[in-house]
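2 protein chains.
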Amino acid sequence: MPIQWNLSASEIEQKSFRIIEEEVKNTPLAMLPNPAWKIARRLIHTTADLHIADTLTFSCSPIQAGIDALMQARPIFCDSKMIRSGLSLQKLQTINPLYSEKHILCSISDSDVIQRAKQENRTRAICAVEKNKDKLNNAIILIGNAPLALAKICQYVLEEQVKPALIIGMPVGFVNVVEAKELLTSCAVPYISLLGRRGGSALAVTTLHAIMENILEK
Amino acid sequence: MPIQWNLSASEIEQKSFRIIEEEVKNTPLAMLPNPAWKIARRLIHTTADLHIADTLTFSCSPIQAGIDALMQARPIFCDSKMIRSGLSLQKLQTINPLYSEKHILCSISDSDVIQRAKQENRTRAICAVEKNKDKLNNAIILIGNAPLALAKICQYVLEEQVKPALIIGMPVGFVNVVEAKELLTSCAVPYISLLGRRGGSALAVTTLHAIMENILEK
Numbered sequence: 001m002p003i004q005w006n007l008s009a010s011e012i013e014q015k016s017f018r019i020i021e022e023e024v025k026n027t028p029l030a031m032l033p034n035p036a037w038k039i040a041r042r043l044i045h046t047t048a049d050l051h052i053a054d055t056l057t058f059s060c061s062p063i064q065a066g067i068d069a070l071m072q073a074r075p076i077f078c079d080s081k082m083i084r085s086g087l088s089l090q091k092l093q094t095i096n097p098l099y100s101e102k103h104i105l106c107s108i109s110d111s112d113v114i115q116r117a118k119q120e121n122r123t124r125a126i127c128a129v130e131k132n133k134d135k136l137n138n139a140i141i142l143i144g145n146a147p148l149a150l151a152k153i154c155q156y157v158l159e160e161q162v163k164p165a166l167i168i169g170m171p172v173g174f175v176n177v178v179e180a181k182e183l184l185t186s187c188a189v190p191y192i193s194l195l196g197r198r199g200g201s202a203l204a205v206t207t208l209h210a211i212m213e214n215i216l217e218k
Numbered sequence: 001m002p003i004q005w006n007l008s009a010s011e012i013e014q015k016s017f018r019i020i021e022e023e024v025k026n027t028p029l030a031m032l033p034n035p036a037w038k039i040a041r042r043l044i045h046t047t048a049d050l051h052i053a054d055t056l057t058f059s060c061s062p063i064q065a066g067i068d069a070l071m072q073a074r075p076i077f078c079d080s081k082m083i084r085s086g087l088s089l090q091k092l093q094t095i096n097p098l099y100s101e102k103h104i105l106c107s108i109s110d111s112d113v114i115q116r117a118k119q120e121n122r123t124r125a126i127c128a129v130e131k132n133k134d135k136l137n138n139a140i141i142l143i144g145n146a147p148l149a150l151a152k153i154c155q156y157v158l159e160e161q162v163k164p165a166l167i168i169g170m171p172v173g174f175v176n177v178v179e180a181k182e183l184l185t186s187c188a189v190p191y192i193s194l195l196g197r198r199g200g201s202a203l204a205v206t207t208l209h210a211i212m213e214n215i216l217e218k
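For the protein sequence lines, the chains are X and P, in the order given. If you read the first sequence in the working numbering, its first letter stands for residue 1, the second for the next number, and so on. If you read the second sequence in the working numbering, its first letter stands for residue 1, the second for the next number, and so on.
Source of the hints: derived by calculation from the structure; they are not laboratory data. Only a predicted model underlies this, so the values are computations on that prediction, with no experimental measurement involved. Treat the hints with caution; some may be incorrect.
The list cannot tell twin chains apart, which means a pair is met if one copy fits it or any two copies do.
What the hints assert, rightly or not - Calculated lysine-lysine pairs in the DSS-like style (CA-CA distance at most 30 Å, straight line):
| no. | residue 1 | residue 2 |
| --- | --- | --- |
| 1 | K15 | K131 |
| 2 | K135 | K81 |
| 3 | K163 | K25 |
| 4 | K135 | K25 |
| 5 | K118 | K25 |
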């Protein structure tokens, strides 16, 4: 097929969604209720992998919890700079004009975090969680990279009664990732996860954007 | 397996690489020469998908071209803010201390680009390429999102003798993506691509980081 030069971004998105819907129509994904399907569709759209959403897991009404938290302009903690730069502040502000850069908590490159991780020979991701511990209650948590950041947050939930509004737990990789997600499944808080090794910053971001769609398209 | 809390970032990386090597040892990927294998390994590490590198394609000695361009502190054009924030300026500066934020060209959120895309009902990604046209000669190009950005650059190469130092062509998605990558394969410039629909900002970034490894580990 020749390149279709004259499509706008929204036309490309709509066309992509139609292709995805056509290609998954005979799979279990097609049975998802609409708000969950919006997330699965965006995960597929972001990766072009028709199987990426096969292990998508929801617990404790996380979509509604996310909608409520966004409408109250709750802070958003993220474990990577890629998540921070991928998040649409414009969309956040459409949902609640109070949202500003300050609401997006990302300490992974703070000099004190870098120094502490080096001194203690631990990961920057854990130190960044520890630095923000007192801001995690009622926050939206986006983990797309670091399993130990997710594990640390689960520890706070399980042992110290920290209660995030929503955890999007999608770290990626071969070490500690499956284990951190298993720990998440024992937490009685709203969460959305991709069980197994798969995940990524783009996937965590797109999941929150899909939740926003549920507000913006109403 | 319990969470392994006391691993440093580099220990986690080395352990992940050993797992990946073990799991692909009887596949064609294991036959790749070392500099190419470093890229395949990082693509797998970034996605936790053992098949992500199956369509990895190299043309015109792109790894050496990338090394040369990095050592000369050539500018790096990227099509998304996620790529810009994922790129390690620190690693770039280790290779050539001349590297600064100014060398990373990303116009996707410039107000003139946004305005022009809206007026002309085209994508911001194409308008961002057009804005930087005179900076693409000898530049390193990273495309991890927008197929039309890649297609536009290919058009400049094929029709206007623009000569990037290296194109990392990894847009992702269902519309124009396969076609843009096919156009790339007709360009006689150094490129690295993932043929098919798969790609992403994290994949484009990690490919450049893998090329840097070839310099930093010497």
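So, going through the hints one by one against the coordinates:
Taking the shortest Cα distances, K15 and K131 sit within 30 Å of each other only across copies (27 Å), while inside one copy they are farther apart (43 Å). In this homomeric assembly, K135 and K81 come within 30 Å of each other (Cα to Cα) both inside a single copy, at 18 Å, and across copies, at 26 Å. Within a single copy, K163 and K25 get their C-alpha atoms no closer than 37 Å, and across copies no closer than 43 Å, so neither meets the 30 Å cut-off. Proximity of K135 to K25 under the C-alpha cut-off of 30 Å is found in neither arrangement, the shortest distances being 41 Å within a copy and 45 Å between copies.
In this assembly of identical chains, K118 and K25 lie within 30 Å of each other by CA distance neither inside one copy nor across copies; the values are 49 Å within and 33 Å between.
When the structure is compared with the earlier hints, violations turn up for hints 3, 4 and 5 and for no others.
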